[in-house]
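Asker: Protein chains in written order, with this note's numbering: chain A, 8 to 488; chain B, 30 to 502.
None of these hints come from the bench; they were simulated from the model.
Source: prediction; values computed, not measured.
Warning: the hint list may mix true and false statements.
[Claimed, not checked] With the C-beta cut set under 7 Å, the calculated list includes, among others, these residues of chain B facing chain A: (1) A67; (2) P73; (3) G74; (4) R82; (5) I103; (6) R106; (7) I120; (8) Y123; (9) D293; (10) P304; (11) P319; (12) L321; (13) D371; (14) K374; (15) G375; (16) N378.
[Said to hold, decoys possible] Derived, one-sided and incomplete: chain A residues facing chain B with beta-carbon distance under 8 Å: (17) V9; (18) E13; (19) Y68; (20) S85; (21) F105; (22) Y139; (23) N210; (24) S240; (25) S326; (26) G459.
From the three backbone atoms N, C-alpha and C, an ideal C-beta is built for every residue, glycine too.
Here's the letter readout for the chains.
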Amino acid sequence: MVTALEVVEGIKSGNISCEELLLQIYERIERSELNCFITLNKEAAVREAREVDKRREEEEYRRKKLLGVPVAVKDSISTRGIQTTCASKILTGYVPPFDATVVAALKKEGAIIVGKTNMDEFCMGSSTETSYYGPTKNPHDLTRVPGGSSGGSAAAVSAGETILALGSDTGGSIRCPASFCGIVGLKPTYGFVSRYGLIAYANSLEQIGPMASTVTDTALLLEIVSAKDEQDSTQIKIQNNASTNYCFSWLNGTRNEREEIKGMTIGVPKEFIEGSSPEVERSVWDAIHKYEDLGATYGEISMRNLKYALASYYIIAMSEASSNLARFDGLRYGLRTGKDEDWHTTFSRIRSEGFGEEVKRRIILGTYALSAGYYGKYYLKALKVRTLIKNEFEEALKTYDILAMPTMPFVAFKLGERIKDPLSLYLADVNTVSVNLAGVPSLSIPCGVSHGLPIGLQLVGKHFEEDELLKAAFVYEQNIP
Amino acid sequence: MDVKIGLECHAQLLTQSKLFCSCSTDYHNAEPNTHVCATCLGLPGALPVVNERAIRYGIKVALALGCTIQPKVIFYRKNYYYPDLPRGFQITQYEFPIAFNGLVRIESDGGKEREIRIKRVHMEEDPGRLVYRGTIDTATYSLVDYNRSGIPLVEIVTEPDLKSPKEARIFLGKLRSILEYLGVFEGDLEGAMRVDANISLKGGERAEVKNISSYKGVEKALSFEITRQKNLLRRGLTVQQETRHYDETRGVTLSLRTKEFEHDYRYFPEPDLVPIRISNRIEEIRREIPELPDEKKLRFIAQYSLTMEHANALTFDRHIADFYEVVASKIDPKLSATWIADVLKGELNYRSISMREASKRISPDDFVAMLRYLKKGVITERGATEIIREMLDSGGKPEEILRSKGLASIGSDEIEKAIHAVIKENEAAVKDYKAGKKEALNFLVGQVMKHTRGTADPKEVRAMLTRKIDGEI
Ligand SMILES: [Zn+2]
Chain A
8 MVTALEVVEG IKSGNISCEE LLLQIYERIE RSELNCFITL NKEAAVREAR EVDKRREEEE
68 YRRKKLLGVP VAVKDSISTR GIQTTCASKI LTGYVPPFDA TVVAALKKEG AIIVGKTNMD
128 EFCMGSSTET SYYGPTKNPH DLTRVPGGSS GGSAAAVSAG ETILALGSDT GGSIRCPASF
188 CGIVGLKPTY GFVSRYGLIA YANSLEQIGP MASTVTDTAL LLEIVSAKDE QDSTQIKIQN
248 NASTNYCFSW LNGTRNEREE IKGMTIGVPK EFIEGSSPEV ERSVWDAIHK YEDLGATYGE
308 ISMRNLKYAL ASYYIIAMSE ASSNLARFDG LRYGLRTGKD EDWHTTFSRI RSEGFGEEVK
368 RRIILGTYAL SAGYYGKYYL KALKVRTLIK NEFEEALKTY DILAMPTMPF VAFKLGERIK
428 DPLSLYLADV NTVSVNLAGV PSLSIPCGVS HGLPIGLQLV GKHFEEDELL KAAFVYEQNI
488 P
Chain B
30 MDVKIGLECH AQLLTQSKLF CSCSTDYHNA EPNTHVCATC LGLPGALPVV NERAIRYGIK
90 VALALGCTIQ PKVIFYRKNY YYPDLPRGFQ ITQYEFPIAF NGLVRIESDG GKEREIRIKR
150 VHMEEDPGRL VYRGTIDTAT YSLVDYNRSG IPLVEIVTEP DLKSPKEARI FLGKLRSILE
210 YLGVFEGDLE GAMRVDANIS LKGGERAEVK NISSYKGVEK ALSFEITRQK NLLRRGLTVQ
270 QETRHYDETR GVTLSLRTKE FEHDYRYFPE PDLVPIRISN RIEEIRREIP ELPDEKKLRF
330 IAQYSLTMEH ANALTFDRHI ADFYEVVASK IDPKLSATWI ADVLKGELNY RSISMREASK
390 RISPDDFVAM LRYLKKGVIT ERGATEIIRE MLDSGGKPEE ILRSKGLASI GSDEIEKAIH
450 AVIKENEAAV KDYKAGKKEA LNFLVGQVMK HTRGTADPKE VRAMLTRKID GEI
């Protein structure tokens with residue numbers, strides 16, 4: 008499979024036909040049993056690909072950093088003129104009149120939108136099984152889940168149904184499927200990437216992030232989507248951000264990461280490894296020892312507040328979700344069924360028909376947590392725990408350059424195996440959700456295989472030091488057989 | 030009867046764009062749903078961005094009401110379902126409003142000065158608007174217009190310090206006056222001020238009357254409530270804590286919901302916005318606050334030697350005060366005060382138009398020109414009133430109206446001629462007057478005025494008539 012950088016090079020030099028590349032990809036998608044996409048953008052994509060082939064030598068086109076690169080976009084991200092459903096029945100037929108800032112940035116750099124990828128409904132899940140459009144399957148084993156909620160994006164990258172993909176990560180939704188599908192996925196620092204156009208699940212936790220088959224491609228995509236945006240007040244506008252423009256220096260050999268990584272310190276929090284399957288634990292330790300071989304040092308640490316992370320995360324996420332999802336009433340867009348009756352009856356019917364079971368569960372729990380008399384007991388307390396967890400991460404990252412741990416405690420599980428037991432699904436998210444609570448950046452990189460199923464190593468860095476994470480991941484990637 | 034009234038006043042701020050998006054706020058004459066975007070329609074993924082100017086206006090209002098400004102403001106979500114609310118929540122403020130603890134002085138019944146405490150001032154967005162074909166009772170469906178969605182509102186909450194419906198109306202008038210002085214509000218725009226009123230009588234629970242949308246409506250709704258609550262208490266029944274709706278056309282309040290069905294708004298901080306520090310801007314904004322009605326009133330009394338009544342009447346409406354000051358700078362301030370406070374204002378009230386609207390037709394210079402004619406005796410007081418009316422109704426300059434309506438007052442020889450004719454035609458009346466019937470003189474003056482088509486000065490006519498008839502005796 009070619010990388011995004013190879014595609015850009017190939018198209019610019021005329022060695023790759025963008026149209027042929029797109030046609031190959033659509034052929035693969037059409038033959039596929041994975042169900043990675045909800046909506047395809049074939050006609051427009053192929054037309055744009057022809058345009059790229061025709062104009063590739065023009066100065067304007069030569070400057071584009073993603074010229075002709077196929078990118079799959081998670082269906083939680085608004086795309087002008089392309090149906091955007093968040094994998095929910097309630098948004099069936101909704102076509103946004105505007106592009107998310109990240110999508111506009113992709114287009115500006117010449118990327119081509121392949122289609123909209125499958126996901127857990129409104130990002131609520133970690134297996135892509137709650138989608139109204141049916142589950143996506145894991146390319147490594149069709150009987151297993153791809154992880155979630157950005158399961159379609161991860162499976163599509165892994166199976167060559169796209170070159171790059173965008174996901175969104177509220178509590179692990181990029182890293183979990185990256186881990187299960189054996190690709191690289193990065194959740195940026197909260198406030199690094201504009202959320203304008205991302206259909207909100209839990210605004211204070213989520214970020215859009217890149218998913219790719221290599222670290223360099225991940226860095227390239229991150230650089231494009233982290234463009235500054237006045238439309239998102241929560242984006243932190245940092246001058247001369249060191250995190251941008253990294254991958255090109257690696258490529259033209261101006262940096263020697265192998266040298267830079269010498270002396271790097273890695274913190275390994277034991278609470279994040281306990282409870283993992285033996286294969287996962289072994290692979291993660293192998294990776295840490297690999298870093299040791301490369302000149303880094305590690306130390307084991309303890310993060311005691313981790314045990315409160317799940318409760319805090321789910322209370323905050325569900326509370327915000329219960330409010331975010333109130334707008335879906337069928338009045339202005341989306342599902343409209345039956346005959347119109349009075350307002351209350353009509354919107355209640357549309358919501359009860361339009362939302363899936365998991366979404367309803369979280370709306371009800373979130374509504375409860377925010378109710379008078381419970382707000383202080385649940386929501387405010389969850390915010391306090393969040394501060395504790397954030398402090399604990401910051402403390403650990405004062406001593407260590409990065410932290411390393413398993414992304415998921417186990418490999419991809421069977422379709423249908425856990426969906427009936429939501430609590431066991433929630434529990435699997437503990438390593439990823441705590442990172443969202445802390446707001447720090449984190450990526451998942453493949454670090455081994457168990458019975459043919461990928462295992463993910465999660466690296467966590469300091470606020471706005473995506474650069475360090477990518478560097479560490481890049482060196483690891485270059486030095487494994 | 031011991032009555033306690035507290036008001037929550039929502040005033041639309043006159044910014045160019047909405048509170049959280051760049052849509053125009055100039056929606057009053059626009060086609061429905063033309064001033065909308067992804068943000069104010071609440072489309073999924075669209076985010077709010079705070080309009081800095083609206084915050085400045087809010088701070089200005091709070092400062093003018095003597096409030097203590099808070100160092101930072103935080104927006105919250107108020108969650109409830111209603112079709113005019115496109116996100117299913119309103120972005121408003123809760124725990125960290127712009128300001129607390131202000132004070133407004135009003136002149137209550139009989140000129141007694143009263144202090145009304147302001148509890149808090151905060152910002153929020155207006156919802157859209159429901160539109161009915163026909164009336165709310167007969168329409169089979171309602172339509173939603175989101176042009177209003179996201180218009181910046183400042184909410185001003187009083188303590189329950191008001192003691193009567195009339196006082197509530199006086200307070201609102203004063204509030205309107207202050208907001209207009211600040212240049213952040215236009216009270217005569219439809220829906221510019223909407224009020225929720227809390228009212229309780231001694232021995233009863235508090236009722237909240239929602240969404241009163243006119244200044245007069247507040248007094249009517251509260252009067253109705255007092256009567257209703259009094260009747261309940263008199264009959265030994267209890268006044269329940271409840272939310273009531275004011276039906277403007279019927280002038281009654283109707284129960285909307287009782288306490289146990291009160292909404293739980295599930296307030297929590299708006300995660301799409303960050304806290305805004307305002308402490309560093311307060312002094313700069315304070316310097317922008319103009320002279321307010323109370324200060325202006327005192328200055329008018331001192332500077333122009335006006336009576337309290339005139340000073341009150343002239344300073345209530347900023348547009349009238351500004352108009353007056355231009356006129357008074359060019360011609361006798363006391364004469365100007367009489368003609369603006371007593372005559373012009375009366376004509377505006379009669380026509381139910383504001384000075385702001387009227388100033389499109391009548392400029393201070395026109396008014397000065399008119400007063401000059403009057404002072405020189407070119408026109409009579411009646412002619413002057415006629416010119417004001419004509420300017421308000423049809424426009425035009427005083428000199429044109431003077432000519433086209435033949436309002437120039439006539440010389441005494443012409444009055445002489447008219448008196449001569451009237452005496453000749455009304456011998457009986459003259460006889461009555463001579464016999465001591467004083468009211469006969471009024472009739473004769475009227476006849477002379479008729480002859481001169483009102484261009485004579487009635488005082489002069491009266492004097493000449495008496496001299497003439499008395500001289501004959
Ligand atoms: Zn708008």
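Asker: Work down the list of hints and note, for each, if the structure agrees.
Answerer: Hint check:
no., hint, result
1, A67, "5 Å, holds"
2, P73, "4 Å, holds"
3, G74, "4 Å, holds"
4, R82, "16 Å, violated"
5, I103, "12 Å, violated"
6, R106, "5 Å, holds"
7, I120, "11 Å, violated"
8, Y123, "11 Å, violated"
9, D293, "5 Å, holds"
10, P304, "10 Å, violated"
11, P319, "31 Å, violated"
12, L321, "33 Å, violated"
13, D371, "52 Å, violated"
14, K374, "45 Å, violated"
15, G375, "47 Å, violated"
16, N378, "41 Å, violated"
17, V9, "31 Å, violated"
18, E13, "32 Å, violated"
19, Y68, "29 Å, violated"
20, S85, "4 Å, holds"
21, F105, "5 Å, holds"
22, Y139, "15 Å, violated"
23, N210, "4 Å, holds"
24, S240, "5 Å, holds"
25, S326, "6 Å, holds"
26, G459, "38 Å, violated"
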